[in-house]
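All chains should be built: construct the whole structure from the sequences, respecting the hints.
If you read the sequences in order, they're chains A and B.
The opening position of the first sequence corresponds to residue 0 in numbering that gives the first Met the number 0, with each subsequent residue numbered one higher.
The opening position of the second sequence corresponds to residue 0 in numbering that gives the first Met the number 0, with each subsequent residue numbered one higher.
Careful: at least some of the hints might be erroneous.
No copy labels: a pair is met if it fits in one copy or bridges any two.
[What the hints assert, rightly or not] Calculated pairs, DSS-like style, for lysine-lysine (alpha carbon to alpha carbon, straight line, at most 30 angstroms):
| id | residue 1 | residue 2 |
| --- | --- | --- |
| 1 | K165 | K104 |
| 2 | K165 | K40 |
| 3 | K104 | K40 |
No lab work stands behind these hints, which were simulated from the structure alone.
Protein chains: 2
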Amino acid sequence: MERGYIHLYTGNGKGKTTAAFGLALRALCAGRDVAVGQFVKSMSYNETRAEALFDGRGTPVPSFGRLHVEQFGRGCFLDRRPDPADVACARDGLARCAVWLSEGKYDVVVLDELNIALHFGLLDIGEVLDVLASRTPHVEVVITGRYAPQELYAVADLVTEMHEVKHYYSQGVLSRDGIDH
Amino acid sequence: MERGYIHLYTGNGKGKTTAAFGLALRALCAGRDVAVGQFVKSMSYNETRAEALFDGRGTPVPSFGRLHVEQFGRGCFLDRRPDPADVACARDGLARCAVWLSEGKYDVVVLDELNIALHFGLLDIGEVLDVLASRTPHVEVVITGRYAPQELYAVADLVTEMHEVKHYYSQGVLSRDGIDH
Numbered sequence: 000m001e002r003g004y005i006h007l008y009t010g011n012g013k014g015k016t017t018a019a020f021g022l023a024l025r026a027l028c029a030g031r032d033v034a035v036g037q038f039v040k041s042m043s044y045n046e047t048r049a050e051a052l053f054d055g056r057g058t059p060v061p062s063f064g065r066l067h068v069e070q071f072g073r074g075c076f077l078d079r080r081p082d083p084a085d086v087a088c089a090r091d092g093l094a095r096c097a098v099w100l101s102e103g104k105y106d107v108v109v110l111d112e113l114n115i116a117l118h119f120g121l122l123d124i125g126e127v128l129d130v131l132a133s134r135t136p137h138v139e140v141v142i143t144g145r146y147a148p149q150e151l152y153a154v155a156d157l158v159t160e161m162h163e164v165k166h167y168y169s170q171g172v173l174s175r176d177g178i179d180h
Numbered sequence: 000m001e002r003g004y005i006h007l008y009t010g011n012g013k014g015k016t017t018a019a020f021g022l023a024l025r026a027l028c029a030g031r032d033v034a035v036g037q038f039v040k041s042m043s044y045n046e047t048r049a050e051a052l053f054d055g056r057g058t059p060v061p062s063f064g065r066l067h068v069e070q071f072g073r074g075c076f077l078d079r080r081p082d083p084a085d086v087a088c089a090r091d092g093l094a095r096c097a098v099w100l101s102e103g104k105y106d107v108v109v110l111d112e113l114n115i116a117l118h119f120g121l122l123d124i125g126e127v128l129d130v131l132a133s134r135t136p137h138v139e140v141v142i143t144g145r146y147a148p149q150e151l152y153a154v155a156d157l158v159t160e161m162h163e164v165k166h167y168y169s170q171g172v173l174s175r176d177g178i179d180h
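Next comes the structure, spelled out in structure tokens:
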């Protein structure tokens, strides 16, 4: 069976989670099953509604994979500091992801905002590296979020840094339904 | 009606077209209609198969948008130089996109690999700027491809440069079904 690789999408630009969902879509269209674990995040996002469409019923031709999404967060840290409940959520999430990765039921596993969970000290990089190392070899892994630690740069097979050159936030544009979330 | 913005995803890293399809997925899940015009490309890709799923039938709850994909290419220029037929294809494609953008039937229009078409001289930047300027104001535009010209940086509201830090191509890994195409 083909080896799966580790993708790392980091940097301060828009497009990291977006690219992870784009890759999920590509894989689903190829009949592969995808699990997305979202660290830190707790809100409902439009992209996670795709779960209802990639539910295993698909359309007669072609046959699509299944999408499973779970959130392991209690909201972001723009205006508050992480507390023990955030740590517990992230650790439970990592345990869930460890099962997905080791059992190999999903062909692609997205660890969305894992870098943020690491950056804020919710998770230990050593435990994350153990989880990645113990995956079934064919599983493709996509890790997103700003502030990726050097240890993930080292183990990743593909690293893209999304650099923000310009953003409409600076024009005072708020996050928009169906475009930004 | 809300103003639509111009996104530019450029740079040499993996994730540009992928992010465009991720944004398309997000928009489709929010019930918005999306058109994707692919310049230069002529092959079938897994992600374009999503068209069969977002065909307007959707599932009862929630209701998804429609996806329309067209290709305006005759293949890439890794081992050949563009010829007049490539120019004609790209120009016909731009005319198609001009209709989508001006009539406003689609809420999001992706101009995939437009930058490559410009880089290889298949299209004139002045004509592209005219097409962008004449769009119905609410339409969101996503432009992808390496080598974006400065004129597009100038008119874009959001620019993300995808920088390749590491790629598994360097390990001799070829493009894989459902992951890279």
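A quick look at each hint next to the structure:
1. In this assembly of identical chains, the alpha carbons of K165 and K104 lie at most 30 angstroms apart only when taken from different copies (27 angstroms versus 40 angstroms within one copy).
2. Taking identical chains as interchangeable, the C-alpha atoms of K165 and K40 lie at most 30 angstroms apart whether they share a chain (24 angstroms) or sit on different chains (27 angstroms).
3. For the homomeric pair K104 and K40, the shortest alpha-carbon distance inside one copy (24 angstroms) is at most 30 angstroms, but the shortest distance between copies (33 angstroms) is not.
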